[in-house]
Each structure stands twice: as C-alpha cells, then as structure tokens.
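Q: One letter stands for each residue in the lines below.
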Amino acid sequence: MPPPPFTEGAFPCTECHDPEIPVNKTRRTLEMSHQEIELKHDEEHRWCLDCHSSTNRDKLQLASGEQIDFTESYRLCGQCHGDKYRDWRVGVHGRRSGEWNGHKSYLLCVHCHYSHAPAFKPLKPMPPPVRPSQLAKGGKS
Amino acid sequence: MSRTLPNRREFLCTVGGCAAAAAAAGCSDLTHTSWFRSRFREMPEAEKKTIIAELEKEHSARFQQPVTVGVEPPMENVEFGYALDISRCIGCRRCVHACVDENNQSREPQLQWIRVLEMDKEKGIDFAHADAYYDAESVPREGHFYLPVACQQCENPACVKSCPVGATWKEKDGIVVIDYDWCIGCRCCMSACPYGARHFNYAEPSIPTEKLNPKTHYLGNRPRMKGVVEKCTWCIQRTRKGRYPACVEVCPVGARKFGNLLDPESEVRYVLEHKRVFVLKSELNTRPKFFYFYGL
Ligand code: SF4
Ligand code: SF4
Chain A
277 MPPPPFTEGA FPCTECHDPE IPVNKTRRTL EMSHQEIELK HDEEHRWCLD
327 CHSSTNRDKL QLASGEQIDF TESYRLCGQC HGDKYRDWRV GVHGRRSGEW
377 NGHKSYLLCV HCHYSHAPAF KPLKPMPPPV RPSQLAKGGK S
Chain B
450 MSRTLPNRRE FLCTVGGCAA AAAAAGCSDL THTSWFRSRF REMPEAEKKT
500 IIAELEKEHS ARFQQPVTVG VEPPMENVEF GYALDISRCI GCRRCVHACV
550 DENNQSREPQ LQWIRVLEMD KEKGIDFAHA DAYYDAESVP REGHFYLPVA
600 CQQCENPACV KSCPVGATWK EKDGIVVIDY DWCIGCRCCM SACPYGARHF
650 NYAEPSIPTE KLNPKTHYLG NRPRMKGVVE KCTWCIQRTR KGRYPACVEV
700 CPVGARKFGN LLDPESEVRY VLEHKRVFVL KSELNTRPKF FYFYGL
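Protein chains in written order, with the working numbering: chain A, 277 to 417; chain B, 450 to 745.
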C-alpha cells in the first residue's frame, strides 16, 4: 500500500499544532490555515475533529475514541461506509494491482477519494476509435 | 511475410502422412510458417523450441530489441474468470489504450480489442442504440452508462466451432486462443462470435518500434501479420505468470476484477457470490466467463 497522500508539508501535523497550545474545539470557519479545505463530506454534520484527534494531532480518531495512524484511515472511512469497506478488503471495491494469485497492492480510500470532498471526479476520456469508414483511409491510433 | 498456408493445406492433403513427411524434413529446418510444422497444440517440445527461437529472432531483428515469445501453459487447477462493475465504469477508455500498448495491437491501421459502449440509462442495455464513438470533455456523461466489451472467453465458444482449420481453441484455463500461424484468414469466427470480439488484420499491422511490448506469448501478444484474426486473451502473457491483466491495473475506478474461478477466496468468486451479476446475450448459451455486475 502506498503512503497516505498528504498535502505537501502537511505532515506531521504537530509541526504547527504544538501540543502545548490548547485546542479550540468550537466549530468555526478556519481563518489562519487550511482555508483551502472546502468540506463537501456530510458537512452539515461533520467537522475537523470528528475524524482528526484533538489530543494527538498526528492521528485520526475513530468514533470509539481509539486513535489510529493515517496509514489506517480505511478504518475511519469504514465506520460509515461499511459496505464499501467490506468489498474493499476482499479487493472488489477499488483498484488493485500485482498478482491475482499472490502479492497484491491496495490503495487507501483517500488515494481515489479526497477525504474532504470524496465524490469521484469526472475524467477526460481517451480518444474514441477511428470509424471504419475512416479506417480505410489510413486511420491511426 | 509470404502466406503459404492454403498451399500447404493442399499439399499436405495430397501427400498424406504428414508425420512421416515432417520426420523426413527434420525438425531443425522447421519455420513457423513451414509446411511441415505441427499444430501448436500438439507440437513436440523440440519443435516448439525451434519455432520459438526462429520467431524471437525474426521479431528482435524487426523491432531492434530483444523480443521474447513465451509458451507458458495453463496452470493446474486454474480457470480464469473476469468481472466488470458497470455501476462504476465511467467510460474513460484507459483500458482500451492500455490494452493496445500491452498487447501490441496495430496502430495503423488502428485495431482495438476493447470497445466501450455508451448507453442510455433510460434504455438500459440496448446494443442497437449503443455508441462506441462518443467523445466528451469529461465522462461519465449525464444520463449515460458505459459497457466495455471484449472477448467473453466463452465456455461454449461459437468461434471455435466455426473455425474450419482448428486454428482457435479453448485452453484448460478457459482462455480462447488463436494460433496466428495456423489461421487462414477466412473470418468464419468473426461472423460466428456474437460479441464482435474478433478483429481481422485487413492490412499489414504496424507498431512503432519504441511502442512494442517485447514480452510476448505465442498465443497472445506476439506481433501479428496481415490476414489473421486476433482478439483479447486476458493478457495470457501476464496472467499465466500470476499477474493481473493490464486493463485491471489501469482502470482508475477499479471496475475490473480478475481471478481464478476455482479459488473460493478469489475476487471474482466474491463477486459471483455477493453481487447482482449478468452475462451478455445469455440466451445464446455461449456461457461467457466475463461477468458484469452492479457493485454499488
Ligand atoms: S478504464 Fe475502467 S472506467 Fe475507464 S472505460 Fe475502462 S473499465 Fe471503464
Ligand atoms: S466472445 Fe466471441 S471470440 Fe470470445 S470466446 Fe466467445 S465467441 Fe469466441
């Protein structure tokens, strides 16, 4: 599994979030940092500290209070998306590469779904095939 | 390359007893197009070696790099199956082009094994109104869904039955293969296949030297010639070595699943047991081993 896709310079979080500074737990619009994050992920009900731990800033936090590493973020996602989590673990949801009968590499949920706005982004399709009528005239790939 | 196949046929029929003739000619003189070579399926190991060495030499010279031609046989207790999640496919055609690169399909004229069909959500699966030529700034397009189609590796393949010379057959692991050197280019298989999965080299296929994938298999992605039929082999050159097909790895939405149907732990088996699954044109009793499913 490749490492979590952190924004450059964002990790470890404690570089900026000094554990000595008391945490402001009030839900608010951020003004000092992270303004680029526009939460589009059940934003009516969620906020930073629902997933990010307020006691250890380098960790994520499950609903149970258990703190987990970013490399295990799938456990956090799986709390709400249990059906996808189940399929992902057996290799049916998401992308796998490697060997069908041996070593496989997985991606984390967040490699394809940006955690703060997880809907999959549309892509530009690769070129359509040449029509048979054009093919006779020397159509190329 | 000169095609002497029809002549060879006539010749062998008149002479009869080709085994004796081959023995007389001696294995060392055999070439992959020679009159006395055996059918690949029945080819003795020594003859295989000679023919593979000859092919490798020919392709390496033509493409100016070392080209290998593998003959990996089916693995024991393996029957391949494929599953594609049509609720996820976005029609981006990454698979089509990865397949061309991996499997050495002709760039000019263009030949592609995978065809992605755009369909109307309102109409459902409807081949008569499907569009393979859609283009857009971004996909998926509103109101549409996508159905990629290539060879379905049928359990009961119409193509195999229609071939008059036995140049195409189903292997033990379920892959339907073609011996390009045995194919006479009659295209019976193309008209027999209900999925449009087979493609004919009407002109000499061409691949730029730097685009060639030099890791090939005799029954798969080795360079083809004018006048023969080709189709998807589930990347036989990769899958018989345990790897996933190229399309599985490239698909950005992870819609493509591949594995051993005989292994209850495999991804395909999970799909078959837990998802809503269908095959194309099931009424024809071709029994595809390419399954489509709804993963959502
Ligand atoms: S690469 Fe995946 S999403 Fe894109 S067209 Fe192929 S199957 Fe569909
Ligand atoms: S899809 Fe067509 S080419 Fe492939 S095995 Fe079935 S009948 Fe043959």
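Check each hint, because a few of them may be wrong.
Capping the alpha-carbon separation at 27 Å, the derived lysine-lysine pairs in DSSO-like fashion look like this [said to hold, decoys possible]:
hint, chain 1, residue 1, chain 2, residue 2
1, B, 724, A, 380
2, B, 610, B, 621
3, A, 397, B, 570
4, A, 360, B, 610
5, A, 301, A, 335
Using C-beta positions, here's what the derived DEER-type ranges look like [said to hold, decoys possible]:
hint, chain 1, residue 1, chain 2, residue 2, range
6, B, 701, A, 285, 41 to 51 Å
7, B, 575, A, 300, 28 to 38 Å
8, B, 482, A, 408, 57 to 67 Å
9, B, 513, A, 366, 42 to 52 Å
10, B, 732, A, 313, 45 to 55 Å
11, A, 284, B, 494, 48 to 58 Å
12, B, 591, A, 285, 32 to 42 Å
13, B, 652, A, 278, 41 to 51 Å
14, B, 725, A, 320, 24 to 34 Å
15, A, 289, B, 582, 28 to 38 Å
16, B, 514, A, 292, 44 to 54 Å
No lab work stands behind these hints, which were simulated from the structure alone.
Where a beta carbon is used, it is the ideal one built from N, C-alpha and C, also for glycine.
Q: All the hints need checking, so say for each whether the structure fits it.
A: Hints, one by one, checked against the model:
no., hint, verdict
1, B/724 <-> A/380, "22 Å, holds"
2, B/610 <-> B/621, "16 Å, holds"
3, A/397 <-> B/570, "20 Å, holds"
4, A/360 <-> B/610, "42 Å, violated"
5, A/301 <-> A/335, "16 Å, holds"
6, B/701 <-> A/285: 41 to 51 Å, "27 Å, violated"
7, B/575 <-> A/300: 28 to 38 Å, "57 Å, violated"
8, B/482 <-> A/408: 57 to 67 Å, "29 Å, violated"
9, B/513 <-> A/366: 42 to 52 Å, "44 Å, holds"
10, B/732 <-> A/313: 45 to 55 Å, "52 Å, holds"
11, A/284 <-> B/494: 48 to 58 Å, "56 Å, holds"
12, B/591 <-> A/285: 32 to 42 Å, "38 Å, holds"
13, B/652 <-> A/278: 41 to 51 Å, "43 Å, holds"
14, B/725 <-> A/320: 24 to 34 Å, "32 Å, holds"
15, A/289 <-> B/582: 28 to 38 Å, "49 Å, violated"
16, B/514 <-> A/292: 44 to 54 Å, "51 Å, holds"
Checked against the numbered hints above, the structure violates hints 4, 6, 7, 8, 15; every other hint is satisfied.
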